[in-house]
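Trainee: Given next are the chains, with one letter for each unit.
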Amino acid sequence: MTAYLIAIGSIGLIYALLALGLNLQWGQTGLINFGHVAFFAIGAYTSGLLALAGWPLPVTILVAMIVAGLAAWPLGRLTLTLKSDYLAVTAIGFSEVVRSVLENEAWLSGGPSGLPGIPTLFSGLSGLDRSLATFAVLLAVTVAVFLVLQTLTRSPFGRALRSIRDDEMAATALGKNVVSFKTRSLTLGAAIAGLAGAFYAHYLTFISPEQFTPEVTFNVWIAVIIGGSGSNPGVLLGTLILIIFLEGTRFLGDLGLALDGSQLGALRFMIIGAALVLCMIYRPSGILPPASRR
Amino acid sequence: MKLTRRRLLESGAAAGAFAMSSAAGIRLTVAQEAEEIRIGTLCPITRAGSVFGPGIQRGIQFAADDINAAGGLLGGRKIRLFNEDTQSDPDSAVRAAKKLIEINETETLLGTWSSGVTMAIAPIAIEGKVVNMNVSGTTDLRTMDKDEWIWPCGGSNIAYGKMMGEYAIAQGYKNASFLAFNNPSGITLGEEFKKVFVDAGGTCEVVVYNPNQPSYRAELTRALASGPEVIALGSYLPDTTILLKEWYAMGEPVDWVGPIWAVSPALIEAVGADAAEGIVSIGAVPNFDSPAFESFKERYESAMDQPILANPFAAIGYDMMITCALAMEAAGSSKAEEFRRQIRAVSSPPGEKVYTVAEALEAVRAGTEIDYEGVGGNMDFDETGEAKPYFAYWKAEGGTLNLKGPIES
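Top to bottom, those sequences are chains A and B. Numbering of the first sequence is given in this note's numbering, commencing with residue 300 and proceeding in unit increments. Numbering of the second sequence is given in this note's numbering, commencing with residue 2 and proceeding in unit increments.
Check before you lean on any hint, since a few could be wrong.
As the list claims (entries may be wrong) - To give an idea of the chain A side of the interface with chain B (calculated C-beta under 7 Å), a few residues: (1) Gly-308; (2) Ser-412; (3) Pro-415; (4) Pro-418; (5) Ser-507; (6) Gln-510; (7) Pro-513; (8) Arg-549; (9) Leu-558; (10) Ser-561; (11) Gly-564.
What the hints assert, rightly or not - Estimated spans, in silico, between C-beta atoms of each pair: (12) A/Arg-376 with B/Ala-49: 34 to 40 Å; (13) B/Ala-226 with A/Ala-352: 50 to 56 Å; (14) A/Glu-404 with B/Asp-146: 56 to 62 Å; (15) B/Val-52 with A/Asp-466: 38 to 44 Å; (16) A/Ala-352 with B/Ala-267: 42 to 48 Å; (17) A/Asn-476 with B/Asn-213: 18 to 24 Å; (18) A/Ala-352 with B/Lys-354: 45 to 51 Å.
What the hints assert, rightly or not - Covered stretches of chain B (in silico footprint by chain A; criterion: 3 or more residues with CB under 8 Å from a CB of chain A, positions within the stretch not fixed): (19) 41-55; (20) 91-101; (21) 111-121; (22) 394-404.
Bear in mind the hints are in silico, worked out from the structure with no lab data behind them. Note that CB positions come from ideal geometry on N, CA and C, so glycine has one too.
Okay, chain A solo, but in the shape it has when bound (with noise of 0.2 Å):
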């Protein structure tokens, strides 16, 4: 029991900092990123390549941040200079390219077959210990970047990116250098999503290319969209319930109803959606949206 609950936590911290990175960009800047998960696996394989050639995982995780914040910048430079909605079809694309690259350069990211065998954190200690080590170790970051997200979303930058995604041209008239913003916003939520992805190589201990889906892009806009746009609490809240959501109706066959495997399997998608529908229904803002918003 133990065990599933940290596993399910992690997961669900791993989708948090996604959601936070996120938020950055949609919730406080406007900015739609149908790309995330391109940053998520930017920042996985990159450590999990660097870890399996041996260097150290404190390392790799800082370098899987500023790789993935590194290839946002040019398709910021690129897109956010046209107007927003650009950016959705780009980003969704370069997900896609990427993937592509990682399922065809094979010499790098060992194509389809992915990359086996990547080590683990605390890998001195095992079973329950080092999955509690792990998920303190997640609970930490997540809580840091949580953190730094609240000042930031205080600070006069904060306050830019909302003007910004309020009223572009109000900001422009304002004096305020958008595409500069917008930029810093979206590499900021791509090295946070890239931090994601390194902690998800080290625990899953497995990536192939199947694993970065744009599935995972509209998970985490579920848990940002349920939890309420531009509020950083918000979106944790978010997140945990579409963890109990994917994971809670996993419970549905124990309970001994007279239903066949593929029928629960149905049933499964069948309530998600349809509570994710009931959420929007009433609260279309989100659970917790930003006071402004109320």
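Using the hints provided, position chain B relative to the given structure of chain A.
Mentor: What follows is chain B alone, placed relative to chain A:
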């Protein structure tokens, strides 16, 4: 950031209701009879693997029913299955596996499909001291250090490539081309086909193509350039459909042979009877010779409303469960740590060949050395720890795919 109590209560309520129903589920499972043997099924019920998953799960269920009907194991202990869906996705499979191991306290995970899924859960199974039997074909599973925890039972890509090569040699072909989809499955099939074919004195060129193209004419032209008598395929249904249509339009005579997942009745339907005429399909078939096969076939076909040949993995699912049960009986323990050492002993030679659950259990209890022969395959694990199914070939004739006969290796 202001949080009213009311708002928090409202949002907490939904989450709470979920958590409570989950908790009830946990108590329910823990409160059941303690001496049940808990087995987890981890099949692809939804998405890509959903053509196989429900059938595999049903096969495992039949085996559990048969074992329970025969009086259970280890002095009357019944088998209880816990079913989870991998969603054909490694990430979901990992969480499902953790749930089966931690919450349902199973020490056996049966029925994983697709290489990514099995590769992702393998480290968890090994560390969690859990036996996994799967139908994944990746060659990584052959080479990894499995220490008798992980058992591939569905035939690897190497086995398929080899069988296609053996077929081509038996037909007397001397010059072949191989069109390989650019992924480990396609490339391994191609390499193995070429190896077998060239060793027998033939010549073979492997042409690798990238997925999701609207046309494969360039690759097809390359494959035909050496004037082959046969083109072998390491492919899937969508790309094979395009390849065959383009080839038919070109009008160059050549024979075709491909794996069953690409060359299936769906392919004939997609390209038409004329274009498909004569194409050969190589695939796993159940163990027709087993006395237990006919009754399994009837049960399966009436339960699943699908011919048994449409899902060769279903019968292998049955065999997985029986093999584990026999190993438990032989080891006198349902602990994975102990019974995994008996898996090879009860299912592979040497030993007296046994076919049905009842006779197999009786023989094990009498202390006889047995070699269980399944309804899906013979469950003989080779030195790499892999069991191969039986192979046969089909030929498209007048719009239907007819089973022609076995392929001997």
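Trainee: Look at each hint and say if it fits the structure.
Mentor: Going down the list of hints, with the structure as the test:
1. Gly-308: At about 11 Å, which exceeds the 7 Å cut-off, the nearest Cβ of chain B leaves the hint on A/Gly-308 violated.
2. Ser-412: Holds: closest Cβ of chain B sits about 5 Å from A/Ser-412, inside 7 Å.
3. Pro-415: This interface hint holds because 6 Å falls under the 7 Å limit.
4. Pro-418: With a closest approach of 11 Å, the A/Pro-418 hint is violated.
5. Ser-507: holds (5 Å)
6. Gln-510: With Cβ-Cβ at 5 Å, under 7 Å, it holds.
7. Pro-513: Given a least distance of 13 Å, the restraint on A/Pro-513 is violated.
8. Arg-549: Status holds, d = 6 Å.
9. Leu-558: violated (10 Å)
10. Ser-561: holds (4 Å)
11. Gly-564: Holds - the Cβ of A/Gly-564 comes within 7 Å of chain B, reaching about 4 Å at its closest.
12. A/Arg-376 with B/Ala-49: 34 to 40 Å: holds (37 Å)
13. B/Ala-226 with A/Ala-352: 50 to 56 Å: violated (41 Å)
14. A/Glu-404 with B/Asp-146: 56 to 62 Å: Violated: the Cβ-Cβ distance is about 27 Å, outside 56 to 62 Å.
15. B/Val-52 with A/Asp-466: 38 to 44 Å: Given about 52 Å between the Cβ atoms, the range is violated.
16. A/Ala-352 with B/Ala-267: 42 to 48 Å: Given range 42 to 48 Å: holds, Cβ gap about 44 Å.
17. A/Asn-476 with B/Asn-213: 18 to 24 Å: violated (40 Å)
18. A/Ala-352 with B/Lys-354: 45 to 51 Å: Holds, since A/Ala-352 and B/Lys-354 (Cβ atoms, about 50 Å apart) stay within the stated range.
19. 41-55: Satisfied; 7 residues make the cut.
20. 91-101: holds (count 7)
21. 111-121: holds (count 4)
22. 394-404: Since three or more residues must qualify, the claim that chain A covers the stretch 394-404 of chain B is violated, with 0 doing so at under 8 Å.
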